[in-house]
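Residue numbers (our numbering), protein chains in the order written: chain L, 8 to 122; chain H, 132 to 244.
Hints are computed from structural coordinates only; laboratory data are not their basis. Take the hints with a grain of salt, since some may be wrong.
[As the list claims (entries may be wrong)] Listed below are several chain H residues computed to face chain L (Cβ distance under 8 Å; list not exhaustive):
no., residue
1, Ala160
2, Tyr163
3, Val185
4, Lys188
5, Phe220
6, Ser224
7, Arg225
8, Tyr230
9, Gly235
[Unchecked claim] Pairs of lysine to aspartate or glutamate, DMTMM-like flavour, derived with a Cα cap of 20 Å:
no., chain 1, residue 1, chain 2, residue 2
10, H, Lys153, H, Glu187
11, H, Lys189, H, Asp158
12, H, Lys173, L, Glu86
13, H, Lys173, L, Asp66
14, H, Lys188, L, Glu110
15, L, Lys25, L, Glu86
16, H, Lys168, L, Glu110
17, H, Lys168, H, Asp158
18, L, Lys64, H, Glu133
19, H, Lys236, H, Glu146
20, H, Lys236, L, Glu8
21, L, Lys64, H, Glu210
22, H, Lys188, L, Asp109
23, L, Lys25, L, Glu8
[To be verified] Computed spacing ranges between beta-carbons, pair by pair:
no., chain 1, residue 1, chain 2, residue 2, range
24, H, Ser140, L, Arg118, 17 to 25 Å
25, H, Asp190, L, Phe102, 17 to 25 Å
26, H, Glu170, L, Lys72, 38 to 46 Å
27, L, Tyr17, H, Glu136, 48 to 56 Å
28, L, Val61, H, Ser183, 36 to 44 Å
29, H, Gly147, L, Lys72, 35 to 43 Å
Glycine residues also receive a C-beta, built at the ideal position from the N, C-alpha and C atoms.
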Amino acid sequence: EAQVTQNPRYLITVTGKKLTVTCSQNMNHEYMSWYRQDPGLGLRQIYYSMNVEVTDKGDVPEGYKVSRKEKRNFPLILESPSPNQTSLYFCASSFYRTVDVDEQYFGPGTRLTVT
Amino acid sequence: GENVEQHPSTLSVQEGDSAVIKCTYSDSASNYFPWYKQELGKRPQLIIDIRSNVGEKKDQRIAVTLNKTAKHFSLHITETQPEDSAVYFCAASRVASGYALNFGKGTSLLVTP
């Protein structure tokens with residue numbers, strides 16, 4: 008089954024304790040992206056990657072890191088989480104066509120609480 | 132960067148009526164406009180999209196219209212059903228911006244029987 012998976016789905020942690028949220032897709036998509044969703048603010052892009060070893064900042068990258076060592080995986084790293092990073096996080100992926108934007112498929116979401 | 136405004140923020144309709152959600156965007160270079168439906172606790176799912184070379188697209192009870200000159204696009208749902216109740220997000224994107232989906236803040240649609 009074609010899908011985007013995220014782990015963990017729920018996480019409660021404390022300020023300053025490094026954590027990683029994993030994202031994996033089995034559709035051979037070149038493009039992967041992380042969004043955070045907050046009430047009243049909608050979804051905002053954190054980081055994206057157009058292919059292996061190619062990553063760039065989105066609209067709200069502060070406090071986050073990413074890596075793209077393999078095509079199927081795009082982990083989101085919070086080196087020192089803070090309470091303002093409490094949010095619902097979505098990973099998304101799509102094919103990358105240089106002349107056109109393709110449909111982005113979303114993972115199930117990771118609800119993160121930082122106390 | 133791109134700014135997408137979405138209205139209304141909440142919409143309540145009777146079953147069988149039509150619902151219309153409107154979005155405006157600021158970047159005239161945006162050329163891809165998807166609409167996502169998000170049910171409570173679920174992921175956003177694409178319901179329809181339109182590209183800038185098309186003015187209208189329809190899929191059964193759902194249609195999207197795009198006015199590039201005015202930089203606005205709208206979602207039309209006809210013959211609404213209770214299962215249409217969800218939060219709907221519009222978005223705008225273009226290849227040169229790294230495929231970023233710039234989302235509106237969402238419309239909570241409630242369809243009452």
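Hint check:
1. Ala160: violated (12 Å)
2. Tyr163: Because about 4 Å separates H/Tyr163 from the closest Cβ in chain L, which is inside the 8 Å limit, the hint holds.
3. Val185: With a minimum Cβ separation of about 12 Å from chain L (threshold 8 Å), the hint on H/Val185 is violated.
4. Lys188: violated (13 Å)
5. Phe220: OK, holds: H/Phe220 within 8 Å of chain L, min 6 Å.
6. Ser224: holds (5 Å)
7. Arg225: Status holds, d = 7 Å.
8. Tyr230: holds (6 Å)
9. Gly235: holds (6 Å)
10. H/Lys153 to H/Glu187: holds (14 Å)
11. H/Lys189 to H/Asp158: Status violated; Cα separation ~24 Å.
12. H/Lys173 to L/Glu86: violated (27 Å)
13. H/Lys173 to L/Asp66: violated (23 Å)
14. H/Lys188 to L/Glu110: Status holds; Cα separation ~16 Å.
15. L/Lys25 to L/Glu86: Answer holds: L/Lys25 to L/Glu86 is near 5 Å, not above 20 Å.
16. H/Lys168 to L/Glu110: Within the cut-off at roughly 14 Å; holds.
17. H/Lys168 to H/Asp158: At roughly 23 Å apart (the allowed maximum being 20 Å), H/Asp158 and H/Lys168 break the hint.
18. L/Lys64 to H/Glu133: holds (15 Å)
19. H/Lys236 to H/Glu146: The given pair, whose Cα atoms are some 24 Å apart, is violated under the 20 Å limit.
20. H/Lys236 to L/Glu8: Outside the cut-off at roughly 31 Å; violated.
21. L/Lys64 to H/Glu210: Distance ~41 Å between L/Lys64 and H/Glu210 Cα, so the pair is violated.
22. H/Lys188 to L/Asp109: holds (16 Å)
23. L/Lys25 to L/Glu8: violated (32 Å)
24. H/Ser140 to L/Arg118: 17 to 25 Å: holds (23 Å)
25. H/Asp190 to L/Phe102: 17 to 25 Å: About 21 Å separates the Cβ atoms of H/Asp190 and L/Phe102, which means 17 to 25 Å holds.
26. H/Glu170 to L/Lys72: 38 to 46 Å: Since H/Glu170 and L/Lys72 have Cβ atoms about 31 Å apart, the given range 38 to 46 Å is violated.
27. L/Tyr17 to H/Glu136: 48 to 56 Å: violated (32 Å)
28. L/Val61 to H/Ser183: 36 to 44 Å: violated (26 Å)
29. H/Gly147 to L/Lys72: 35 to 43 Å: violated (50 Å)
Comparing the model with each numbered hint stated earlier shows that hints 1, 3, 4, 11, 12, 13, 17, 19, 20, 21, 23, 26, 27, 28, 29 do not hold.
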